[in-house]
Each structure stands twice: as structure tokens, then as C-alpha cells.
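Visitor: Given the coordinates of chain A, work out where chains B and C should sit on it, guided by the hints.
So the chains spell out like this:
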Amino acid sequence: MRQRLPLVLLLLTACGAKAGSGGPTIYVALDQEFSQPVLDRFAAELQIDLVQRHDSEAAKTVGLVSMLMEERSNPRCSVFWNNELANTVRLAQAGLLAPYDSPSAADVPAAYRDPQHRWTGFAARARVLVVNTELLPDRSTWPGSYADLVDPKWQGRCGVARPTTGTTLTHFTALRQVLGEDAYGRLLDGLVANEVHLLASNGATVNAVREGKLAWAFTDTDDYHVAQLKGFPVACVFPDQQEGGIGTMLIPNSVAIIKDGPDQANARRLVDRILARETEALLAAADSAQIPLRTGITGPADPGIRAVGTFRQMVWDVDWTAANLARCAAEWDRRFGK
Amino acid sequence: MSRLARIASPSRLPLLAALAFLAAFVLLPLGGLAAATVFGPDGFTLEAWRALAEDQNALTQLSASLQLGLAATTVSLLLGGLHAWVTIGRDLPGGAWLGPLGIAPLVVPPIFVAMGFADLASVSGFWPCALLLGVAHAPFVAVLAARGLRSVDGRAYEAAWLLRGRPRAERWLLRAIAPELLAGCLLAFLFTLADHGVPEFLTVKGKTWHTYAEGLFSRWSRRAVGTTFAELQSPITAALPFVAGLGCLLWAALRLRAAAPDRGVVRPLPLRPLGAWRWPALLAPAVYLAAGIGLPVFVLVRWVLGSAQRLEPMSLHYAQQSFHKAMDQGLPDLLHSLWLALGVAVFVVLLALPLARASARRWPVLDLLCALPAAIPAILLGIALVRSFHDEALLRRLGGDFYAGWGFALCGYAARFLPFAALTLSAQVRRQSIAAEEAGALVRRSPVTRALRLHLPPLLPATWTAGVLVFVLALRELDLAVVLPAANATAVRRLANAVHFQHEDWSGVIALLLLSLAVLLPLLPSLLAGRRLASLS
Amino acid sequence: MNQSVAVHDLSLPRGAFRLGPLSFTVPAGGRLAVVGPSGSGKTTLLRCLAGLERIAAGTIRIGDRLVADAHTHVPPDRRGLGLVFQDGALWPQMTALQHLRFAAPGLSRDAAQQLLHRAGLAAHANDKPATMSGGEAQRLGLCRALAPAPGVLLLDEPLRSVDVHQRDGLVLLLRTLADERNLTTILVTHDRDEALALATDLVVLRDGQLVEQGPARQLLRQPATAFTAAFLLGAACLPTTAASGDRLATPFGEFARPAGVDGDLRLVLLPGDVQLTGSGTTPTGRILTVLPGERGLRVRLALGDQIVETTADDPPPIGAEVALALCGTPRFLPWQQGSAS
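Chains as they are written, first to last, in the working numbering: chain A, 796 to 1133; chain B, 9 to 545; chain C, 19 to 359.
Same shape as in the complex, but just chain A (with noise of 0.2 Å):
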């Protein structure tokens, strides 16, 4: 028996032979139980072996930009399917993507899509206000801003994950730069004076309003709306919508080609194909109610999660918010600590 050791070791080579077998990789940072079964059947579509690997929560949606850091010297993605942009541009700006204009992609918004055609975004969440209807029973008493995190009327009521990472860390850079670096560092300020409830992620903010622990919490869409379709009292607002307010924030998915990834052809078939209008309508119809960029497009049956058109969108600059990712991380350790 432990003189087959070796030819153990020699088989474990072979272990490897399916997964490099030809067909393009995928990585996945969307949450694998709706991207799983639009691949599996975009794969049949276009007869490709496609490799696919998911992204894990833990990481919060940087563990594959990570991975494909690392993996730098010889890649091994070919499409990278990121469920935020901020990190994707951030991947652009190393050049670790190869540029590539999509057909698929010519209706979609022009800022959702980069000059350089190195990624293009589609389907998107929005950053909004989760409220629980039973500690808030009148609409009118509802926040509505990102100004109510420090509004004394909530002290201590409300909450917010922490920006170190995520759509969190995008949306608190994003706001850096639309607010101006005062008013950012006032915003800041006033968290911790207001005592706000800085929590670990954005599915433990949704957790702690539906619990009733917190009357509100900022979050994304998609985990509003997975607490909405189990049945707790939670409603969602479309924050900053006022005349002259910033707007909600809309965080699309991302996707992008790796610059020498393995079978480019069948990668850009690929991205063509996640690109497609139907795309977005699948993601929004899924429990994820991913809001289409693009109009005509069917968006989610939740009333409460707008469609593009309907609500003030905040304008915010991608690549600035990309390049002071770290920048902004960095502040906030210094702040608060990790």
C-alpha cells in the first residue's frame, strides 16, 4: 500500500487535468445560488466548458480580486464576473484586464460602461435605507438621507456597516468624493457622535433591523430584499431623492475579460452572452432583484426596489472612487480601528 505512494502523488497531477481541459474560466463574486444556474445554462448555449468558481462571503467580494492578483504572473480567470465595479476598475487600473467592446453592451449607460472597453457593468443594486415597519409604522417618520446617520432624531437607532471593504468601502468613497473632503470628514465625524451602529457587513445590518435591534440601516437592495421575501417588516428607501439631494447610488455588477486569461475566444462569447439584456432581467426577477440598467428591460416585482428612470440617481466618479479605495479604507482604520 505505501509502495504506491508515489504514483499516488504522480496521480494527483492528473487531479488537475479536468479543470485546465480548454474552455475559459469565470470567477464569481455574485452570490453563487443565483449566478450558478444563468452560467450553467449560458455554458449549454454557447457548448463551452466553463469552469466556474464562486466567490466566498468571508471575503467579502474581494477574495477573488485578490485571487486574481495573486494569480497575476499566470492567469487563470478568464471573465471576472464582480457584483461591484469599484474593485473591477481597480483591476483595470493594474492592468490586469484586457479590453474588449462587447456588442451586447452597446445600449448600456455610457457611465456604467469604461472608454477603454476593459469592463462594462449591467443589473446593479442599490444603496438604500432598510427600515423596520413595525418599529416605524408611519411612512412619514421614515429617514430619507444619508444626513439622517447623523441626525440626533436617531441617535443610536440606526446603523451602517463598517466601510472597510465592499459595497460599503465603495459607497463611502463614492460619497468622499461627492461630498467634498468637509463635509465627508463631517459625515465621519458625526457617526461616532451620533453613535451609529457600525456592523461587520451589510447582511448583518439587514439582520439587526429585521430583528428590530436598529430602526434603520444603510444596506444594498438585494439583501433588503431577501429579508422582505421572508416575511419580516422590513420596507426599502431610495435615499437623497429631494430636490437638489445626491441621489441614490447604484452599484452595477461588473464584467470584464482578464488580460492572457486561458480561451479569450469563448471568454468574449461569454461576456456577450452575460451582457445580453436577458441577463438583467433574470438577475432582477431572481430573489437578488437586481435593478437593469438599461430600460425596457422587466425590473424586480418588489415595489419598493425602483427602476432605473424612476428615482435621482447620484453621480459619482468610478475611477476616482477605484483609485482612493485603499486611501479611504486606510482613514477609516485610522479611525475607528478594524
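Derived EDC-like pairs: lysine to aspartate or glutamate, alpha-carbon spacing no greater than 16 Å straight-line:
#1 A:K1054 to A:D896
#2 A:K1008 to B:D127
#3 A:K1008 to A:E929
#4 A:K1054 to A:E865
#5 A:K1025 to A:D1082
#6 A:K1025 to A:E1006
#7 B:K333 to A:D1082
#8 A:K1025 to B:E320
#9 A:K948 to A:E990
Treat the hints as calculated values from the structure; they're not laboratory data.
All values derive from a computational prediction rather than experimental measurement.
Guide: Leaving out everything else, chains B and C in the frame of chain A:
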């Protein structure tokens, strides 16, 4: 026979292969990390160390980890130690059954214990977190303490009893099993410190402080947005003294256990009556087993029945739906977990046998090398493996994309769990008669025949124990599953995600099935051959 | 087929201890016992012969084949030896029959049964060692060593773990089986009786060095060293000092130094070489034990740090101090070879 020919003789191939594995999957990755820290552009400078020493975050995390480790270990000692103390050699009602069950909570992944606690109460504070980690790692203390109690010479206890009375004899007994208790505590301490998955899960539930293992992972994942080499290397720099300390601790723990002599042939302890405590003492195993198994299983069952939603009351009908969803979503991951854990168990045992013999008979330093991976936060070992193998051209030429395949996951897991098998087996080899092996050397048989007929059979019980331990640990491994590509498709990783995304219903089914698998293998000998579960300890 | 064993200048350093250089020969069919106190290097020597240790210098030949020197090391299983270990060293997972069949793959089941029968183990053929007594385990160890029909049988204190009642039976078995096969036998032991029961020639070791060798009868009758006399015959060896002229001072007075012998000599007192005198200025000894003997009562006395033995018809009680006197001519011997010149 030339020296080279002797070294490469067929009888040495298993050892050479195991050493090659150790070099490739333990020394190379960890050495690579250390080298990058020492020789990189912003590497091993006094400034870097000074900056690290002044990094309040790192120090806070380190301090939090150590405090958590100590607190959780205390809980493990109280729960596990007390369980063994009142069930082994006592007249506790049902003690014969309850004693061997001390190992049972080991089959419950700590993340499930965390889920169970978090579902019923707030675990955002320090002590709740220490409590659940202590519960999750208490089996190490329970099992080793039970082993200690079973191997104490009953006559020595009786001598102490006759001379100094029962209370003094009990104190003597406690001292006699101190090495095993200490070893169990050190293992619990190490596992607590190295655990990334549970503290990270608890952050979702509202924990607001962070451990060292979390900090390592966070810094690594931040490289996507951070750019400087120093930022990249700082967790590794920070890890080095920590890892060295943990390595020594683990080595000490397992050597302590090995040093406790095998007294299996002596008279067992006499029955030590609990007196008036006979029935109240039942509380100890009841609390231990309830916290370690009962509570997690209870919560999982509730999830399956629909406790994590408000649309309809909990029902069997909802459980049916949960089951269908689980089959649809998680069955492949569950099967991957099963095959991976089985493969890892077999592979690790095959590697550990020659290493154990070599370390017990020739090179004790091998024990220390084998102990290294278990002393490192698994997340760091995973990162080290990724760095070393993602660009391995030779393996790529040999047989496809090793890095992306199950082979790499198998090797990564094997590296992580090799210490437990190698050190368990080397302790067992040390207990075997050298003279009996020498008697075999005089027999004109091939080395393979000698290995199979003489050396292996006395090790089979320990081999089975090591294999089961590795199987269970591999089945519940979360940290490596996050980092190693193929291992992404395992049930535990999927479960951790599913709970984040509020899919408690079907993930509860997967978790229960995973638990059943973890229980099945250890129970197999009992089911097939009537072997006692106690033999596992 | 039985074979001779020739050891020449064998040497093996072990830290502060050094075995050898040793030279001796055992003819084909010869019976040699290597005796000496614990730590004298007996077992190490046996392990060198068996091939379990590599020697640093010298040669070992079995028959006309060189099996070990500084550069050669024939592995144990290629030397054609059988070895009976001190405590059996049996294989716990195997039955008695399996032991024999594993040790000698060509041995038929019937032949193995037969061998076990000869050793009185027929009823234990399917038993594992854990169920056997010390004597039975050692018999099985012997059967295992003999199963492949070795040319030379090595025995490492084979009677040590056997209780006194089973010793004679095992000795008889060993002798019978060795005689039948005319086996060359090398035994190591610290037990004089065991050596004399199983061997015809002796090698005496002390601290890794050869003290004396020769036929057992000769060594018993006329030991050349005080160490051999003490070890084999239970003699008391009293130190001597140089006195005036060419005389030696002893507790019993001064005596003329034997002609032609220089250096450190001991006064060797064999049982019966002293007698109880009742009183006087002669040295006194304290009575330790009194046991019945063939001629009167055997009395053992402490004389300084030595024990002397004599016989008496009506000795004083145990613990009494009694005066002693020499009977006959005193015998002076060097402590070991080389300590006298």
C-alpha cells in the same frame, strides 16, 4: 550497494515521497512567505518591525486573539475536562455511553456551533464568543483527558488512596493526567487562535472586535485595493513570530501527549463512586453535549423547519421544501466535501505512516516540521500555497492545471492536517517494541512484506483514529476552502455563504447531512464490527 | 547447515563506551557463551553478529563468508542466523503459527505445527503472544528463530523473562533442539548458571573488553583473573597492598608475592577458603545468612565490602561478628588481564 541506490531503494520510496510532499507543500510555501518578508523590496527591516510594533490594530488583534484563546481554552478545560472526569471510571448513570461521547462534538464544525449560539442569543460580546469557541474545541480536552484516565495504573491510584485517603488520591489522579489535560488545552488554544471562519462569521452577527487570524485575512484581501509591498507583506511579517510560537506550542502539546507512557496493560482505575453527586454530576455531560451537539443540531433543525422566515409557521412541509432546495443547491458541494475528506484522510495516513516511523526511529526533528502547518492560521497556509503553486509550470506540463484541480485542494488539506496524523502515529510507533521490529529484520522477507505484515498491523488502531480525525477535520475545514480554488466547491464554504445570504433553510439541511457524514465514519467500526467508540480516543 | 563464526578485532565505539577490540572463534557446532556484568557490551556484540549494528573495525565471518567489516555490512536477513531475543520480541498481531510461517515462508503448515509441538506449544498454535506465559513466549521465540533452519543460533539472555520453574524445561528444549541440528550457538548472559547450562566455551567481557576466554571447565577450574573468579565462581577478591620486601599485605596478614607476577593482585577467596575461628586477632566478618549445605551449614559473611562463604557445623547466630582464618595456601590473581604484568 551504492549510497544513492540505498537511498532510492524501493523500501524508502514512501518516506522519500512523504518528505518530498513535506518539502513541497509545507516548507516551500511557508519558506516562500518568510523569504518574501525577509528579502522583498520593503522586507525585513527594523523599520518594518518597528512599524508593526507600533501598529495599534495589529497589537489589538493579537491581544484580542490571545485573550480569546485563553478564555476559550478555560471553557474547553471546564467542559471537556469535567466531562471526562465524571464519566470515566465512575458510577455515573449512563457513564459507559456518555464517556465515549466526549469525542462527539468534534464532528460539529465550529461554524455550526457558532450558528447555533448566534441564532438563539447575542454572541457579539467577548465571553459569548469565547464560550462557543471553547465548546467547539472542548473535545480535544475531553478525549485526551479520557485517554489519560484510562491509562493510569489503578494500583498506583489505590496506593495513594490507602496512604492518603480518597480526596488526596483524586488530587494525585489529577496530577497524573496533567500532561494529557495540558496537551488538550494547548490544542484547544491553538485551534482557537488559528480560527478565522468563526470570528469572521460572528462579525456578521454583530461582533465588533477582530482577532489576529481575521486581521491576516483582511490585510491579504485588502491587497486588491492597497498597492504597496509593505502593506502586502505586513501580515506575513506579523505572522512570523506568532507562527513560531504556535509551532512550538503545538509540538509541545503533541509531545506531551506522546510522552505520557502507554500504560494500556496495567490494571484500570477502580470504580470511583460519586456518592451524593452521582445524579447531579450528570449535569456536566449534559451541558457539554447539549452545547457541543444538541444546540447546533436543534438550531439547524429549526432552520430546516422554517424558523428563519416569517411567511409561514414552521412545518414538515417547509422542511420538505428545504430538502428539495438543498438537493438542488448543495448536493454536489456535499459530495465534493465527502470525497475530498475521504481522499485527504487516506492520503494523509499514507504520508504520515513513513514520516511517523522515520521521526520515531531516526529523526525526531521531523515531528517539529510536521507540526508546523497546524500551528499556522489556515488562512495563511492557504495564501502561502496559492503563491507557491498558481504558477507551477512543471506540474502544469505533467498533468494539466494542478492548481485549479482537486489535487491541489487535496494536497493543501493534507498539508494542513498532516500534523495530527503524523504526530499521533509517531507517538504510537514509539510505543512499539523495537526488538520485535529487529526480529523482523532477521527474516528473509521483502521490505514491503515486512512493512505490511509486521510494522503496519500494530499501528492499525492508531491509523484508523488518525484517519477518522483527519476526515472529520477536513469535512469541517472552512478557512482553506475559502482560498484553494477547487475547495471552493465544498459544503462548508457554501454553508458559510448561504447563511450570509439568509438561506438558512436549505443550508440547514446541508449542514445536517454534513454532520451525519462526519458521524458515520467514526461509527463505522461500531456498526460493522462492534468496536467500541472509546477506542477512538 | 551449521557454520563457524569468527570475530577478529571487532570494534565499535559508542560515545564514552567502546566495545572491543575483540577476537574469538566458534567452530561449526560449537557452543559459546559471552558472559559479563550488565553494561559490559554483551548484547551489543550479539547485535553486531546479527547485523543489527554496523561495526567500525575488524571482521565478522560466518563460515567462510565475510559478513561485516568497516566497509561491508551484510543485512541481518542475509546472514543465515536465528536470534532469540531477551523478552521474546514477538509480533503481537500474529498467532504462533503465523510467526513461524512468516519467519520461514517455505515452511509447511505441518512442519510448523511439528516444531510447535516439539516446543510444547501445540495447544497455542492459534494463540497470540498476549495470551502466553513468559516461558511459552520464549519457546515461541526459539521456534521462530529455528524455523528458517539457520546455521547459527544467537541467544540474548533467553531465560531472563522466564520464571524459575520453567527454566529447566526451556534449557532442556534449547539443548535438545540445538543438539539435533548440531547448531553453532552463541549465547550472551550475565547469569553464570545459564551460561554453563547452555555453553561449552566462555568469553568473559568487562566494560567492552575481553577479560578471558576458553573452555568453560578450564575457566571454572583455573580462572586466570580475579574478575573471572568473582563472576563465575562467586569468589571474594580482597585488595592487597605492597608490604616490606616482596610481600603483600592482606587482612589475613602478609604473604610472599607469587613469583614472576607484578602489579595489582587480589587475594581470591573461594567458598571454603576461610573458616570460622571463634576469636583472635584475625579479621572478623559479620554473618549474613546461614543455609543448609551438603557438608554442614553454608555460612555467608560480610568481610569489608566483600562476601565470603564457608561451612560450619554450629555457626553463631546471624549478625554475630566472628573471627576468620585462611585455610590452605592463599591464591593471588590479577584483577583482569593487563592489570598485572
